[in-house]
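K.L.:
Keeping their order, the protein sequence lines are chains B and U. Counting from 35, one number per residue, gives the positions in the first sequence under the working numbering. Counting from 201, one number per residue, gives the positions in the second sequence under the working numbering.
Treat each hint with caution, since some may be false.
Unchecked claim - In silico DSBU-like cross-links for lysine-lysine, where the CA-CA straight-line distance does not exceed 35 Å: (1) K223(U) to K248(U); (2) K445(U) to K523(U); (3) K229(B) to K250(U); (4) K39(B) to K445(U); (5) K523(U) to K561(U); (6) K338(U) to K40(B); (7) K561(U) to K39(B); (8) K523(U) to K46(B); (9) K561(U) to K40(B); (10) K248(U) to K40(B); (11) K408(U) to K56(B); (12) K40(B) to K263(U); (13) K436(U) to K46(B); (14) K46(B) to K224(U).
Think of the hints as simulated: they come from the structure by calculation, not from any bench.
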Amino acid sequence: MKFQKKYSARSKEQLGFLTAVKTFFSDIITYRALIWEMSKMELKAQYKNSFIGMAWLFFMPLINVATWLLLTNGGIFNPGDTEVPFTVYVIIGSTCWVFFFALQDSLAKSIVHGSHQFLLSEFPRMVIMCQKATTHLITMILPFTLCFVVVFLFGIPLTPKVLLFPLTLLPLFILGFALGLLLSLLEVVAVDLAKVFNRLLSAMLFLTPVAFTLNHPKGILSVLVKCNPLSYLVTVPREMLLPGAFYLSNMYYMGVGVVVLFFFFSLRTFYAAETKIMERLSV
Amino acid sequence: MMGREDILLTVHAVSKKFSGNLKKSMAYGIADLMRISLGIHSRTDELKEKEFWVIRKLSLELKPGDILGILGVNGAGKTTLLRLISGIYSVDEGEIQVNGKIVSLFAATLGMHPLFTGRENIYVRAAMYGLTRAEVDKRIDDIIAYAELENFIDSPMGIYSSGMRARLGFAIAVHADADIIIIDEGLAVGDMGFRAKAFKTLRELKGKTAILIVSHSISQISQMANRIMVLEKGEKIFETTQVQKGIDYYINNCVHSSPNVKDNTSANAGLVSSMLFSETQKTNEADEALQLAYGDELGLEFVFCTIVDTHKLVIQLELVNSKMETVAVAHSDTAKFKVRQIGDSYRIVVVIPQLPLRADKYKINLTVRNCENDLPVVIAHAIHSFVIKSGVHSAAHIQLMAIWSQQHFDPHTTPTL
Numbered sequence: 035m036k037f038q039k040k041y042s043a044r045s046k047e048q049l050g051f052l053t054a055v056k057t058f059f060s061d062i063i064t065y066r067a068l069i070w071e072m073s074k075m076e077l078k079a080q081y082k083n084s085f086i087g088m089a090w091l092f093f094m095p096l097i098n099v100a101t102w103l104l105l106t107n108g109g110i111f112n113p114g115d116t117e118v119p120f121t122v123y124v125i126i127g128s129t130c131w132v133f134f135f136a137l138q139d140s141l142a143k144s145i146v147h148g149s150h151q152f153l154l155s156e157f158p159r160m161v162i163m164c165q166k167a168t169t170h171l172i173t174m175i176l177p178f179t180l181c182f183v184v185v186f187l188f189g190i191p192l193t194p195k196v197l198l199f200p201l202t203l204l205p206l207f208i209l210g211f212a213l214g215l216l217l218s219l220l221e222v223v224a225v226d227l228a229k230v231f232n233r234l235l236s237a238m239l240f241l242t243p244v245a246f247t248l249n250h251p252k253g254i255l256s257v258l259v260k261c262n263p264l265s266y267l268v269t270v271p272r273e274m275l276l277p278g279a280f281y282l283s284n285m286y287y288m289g290v291g292v293v294v295l296f297f298f299f300s301l302r303t304f305y306a307a308e309t310k311i312m313e314r315l316s317v
Numbered sequence: 201m202m203g204r205e206d207i208l209l210t211v212h213a214v215s216k217k218f219s220g221n222l223k224k225s226m227a228y229g230i231a232d233l234m235r236i237s238l239g240i241h242s243r244t245d246e247l248k249e250k251e252f253w254v255i256r257k258l259s260l261e262l263k264p265g266d267i268l269g270i271l272g273v274n275g276a277g278k279t280t281l282l283r284l285i286s287g288i289y290s291v292d293e294g295e296i297q298v299n300g301k302i303v304s305l306f307a308a309t310l311g312m313h314p315l316f317t318g319r320e321n322i323y324v325r326a327a328m329y330g331l332t333r334a335e336v337d338k339r340i341d342d343i344i345a346y347a348e349l350e351n352f353i354d355s356p357m358g359i360y361s362s363g364m365r366a367r368l369g370f371a372i373a374v375h376a377d378a379d380i381i382i383i384d385e386g387l388a389v390g391d392m393g394f395r396a397k398a399f400k401t402l403r404e405l406k407g408k409t410a411i412l413i414v415s416h417s418i419s420q421i422s423q424m425a426n427r428i429m430v431l432e433k434g435e436k437i438f439e440t441t442q443v444q445k446g447i448d449y450y451i452n453n454c455v456h457s458s459p460n461v462k463d464n465t466s467a468n469a470g471l472v473s474s475m476l477f478s479e480t481q482k483t484n485e486a487d488e489a490l491q492l493a494y495g496d497e498l499g500l501e502f503v504f505c506t507i508v509d510t511h512k513l514v515i516q517l518e519l520v521n522s523k524m525e526t527v528a529v530a531h532s533d534t535a536k537f538k539v540r541q542i543g544d545s546y547r548i549v550v551v552i553p554q555l556p557l558r559a560d561k562y563k564i565n566l567t568v569r570n571c572e573n574d575l576p577v578v579i580a581h582a583i584h585s586f587v588i589k590s591g592v593h594s595a596a597h598i599q600l601m602a603i604w605s606q607q608h609f610d611p612h613t614t615p616t617l
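Start from the sequences, fold in the hints, and give me the full structure.
P.N.:
Right, dumping it as structure tokens:
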């Protein structure tokens, strides 16, 4: 039966990794209509009472691009040698970073910001997480489109490897999603710890080659940047939009492997612990 | 005949605990998160520091057609039980098995957005109940008509009154093909007319659906339920299929003994307003006691409403003294007073010409019953109070108002006993 459920003290805690993954996809399929309706509603609601409405989706990334243009043309940054204009380099890099960071941030805050809905909803809470991710994906279409526009305006030729661009973004998306799931639970019961993680993740921007090249940092910073899996997860998608041969290093593969394992862990932990954690909202 | 396979809900020896301390609760939350993420099991059937049981070893079963009314004073565990059944809270002990779709009416407007039209919100809320867009398309006209919102459905929900929102939420819920409907703390859906329609719909659904209704409101429970369960401090203390017996048990064992009875305003559901008056004073407040003298006149004017369609209502006033003893009653039947139905609301005035009571403080309890099934329509406790200041302080509650006289005694003419 579609709506057959069984709860006991152990049922959720004994959930295995594979069952968690199966439940995840089953939830997406069962509640795809709800995910879509809620995503549409959230997107429209953000701009419904604004005069220029959803045009904000276009203006915000445009302002971002203009800011980077201004800063790089003013010679503020010394990014190291880039084969393409630094403006293009940094705009693509920062868009990839935002793609990851904004997703985890949106998921992490979703429970405490929507506690009433989370507490009283009859449908699986994972559905709300998937809806947040869907909204984020839709929101990111324009910034990525702008990346292509910037590449085109700077006269940089696109190569066939551009077809791999969405695929190489996938590990960043999965990492953002997995981190968001875990941090959302921490936000409920361990506010201090969640704040520390949030600051650390923000600081990771400076250890990730968004506004500098992978080989530019020296000394201890160089080690930290090279040990940071995000360095490879951001660099590789950017390389797909820029000319030149690309090389998927072992570090990238390792990074992807770690992301997939972390996703399984995060998914299982969320399903197993969400009810126990969420009920603390009502105390 | 129904077998095990027809059981929609089984709650078996379920317990639930909470921590009464926020910091401890968060600390236990962190420990739970660490433990669960590492796959370490711990005992959940024991209380940790500052924890207490909200539900203890509770079992129940629901089959199609069951309308189980759960009664209990504040803190009895009613809402927690419903949230456990809905899967909102985790079970600490025991097991819950659900064989159908649950639709909860305690959050019927959840997820609806004020900036969006009623129509847009129908699609979102219905999707939360697991309906696809195509399924909603088929029944959206019925939902709008049921909610009586044809003229407003394309306006933003922000302009809806709370009653209109509740009506829309209820209309979506009853069109969601529920197997189990959960109603928490009454059915506050719009005006009396719509409420009557809501009750009628729920009664009609009962053939294939099971309904769980939780309320302090005895009148609502009595009008809907066909089974009663009484909870006290998280434990089931009484269960019966005889509704009247269950309500009597609750009133005698829980309402009267509860220290919260005065705050238990939901127990007064159905009573719209009341005023106590004497020749010189009047009050609308339950806490404001009228100061009377022995033999004074006392009047009570009250308005109540009910969706029960009957002419056979009887009203009883109980006067209860400071020791919670019922010392006198006034019954509409004794006075051969017939209650006439004019719409859904009734305004009644009753006057007691003389109060032959000893000096004490008294409270007034009001009961309205439907004679056809003897079920209460209104049960309102301590709606007003008054004090008899002067009079004889004897042990007897009633100081009879006899007519006394004295005549000349002549032993020659008057016969002796």
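K.L.:
Decide, hint by hint, whether the structure agrees.
P.N.:
Evaluated hints:
| no. | hint | result |
| --- | --- | --- |
| 1 | K223(U) to K248(U) | holds (13 Å) |
| 2 | K445(U) to K523(U) | holds (25 Å) |
| 3 | K229(B) to K250(U) | holds (27 Å) |
| 4 | K39(B) to K445(U) | holds (33 Å) |
| 5 | K523(U) to K561(U) | holds (9 Å) |
| 6 | K338(U) to K40(B) | holds (31 Å) |
| 7 | K561(U) to K39(B) | violated (55 Å) |
| 8 | K523(U) to K46(B) | violated (52 Å) |
| 9 | K561(U) to K40(B) | violated (54 Å) |
| 10 | K248(U) to K40(B) | holds (26 Å) |
| 11 | K408(U) to K56(B) | holds (31 Å) |
| 12 | K40(B) to K263(U) | holds (17 Å) |
| 13 | K436(U) to K46(B) | holds (26 Å) |
| 14 | K46(B) to K224(U) | holds (23 Å) |
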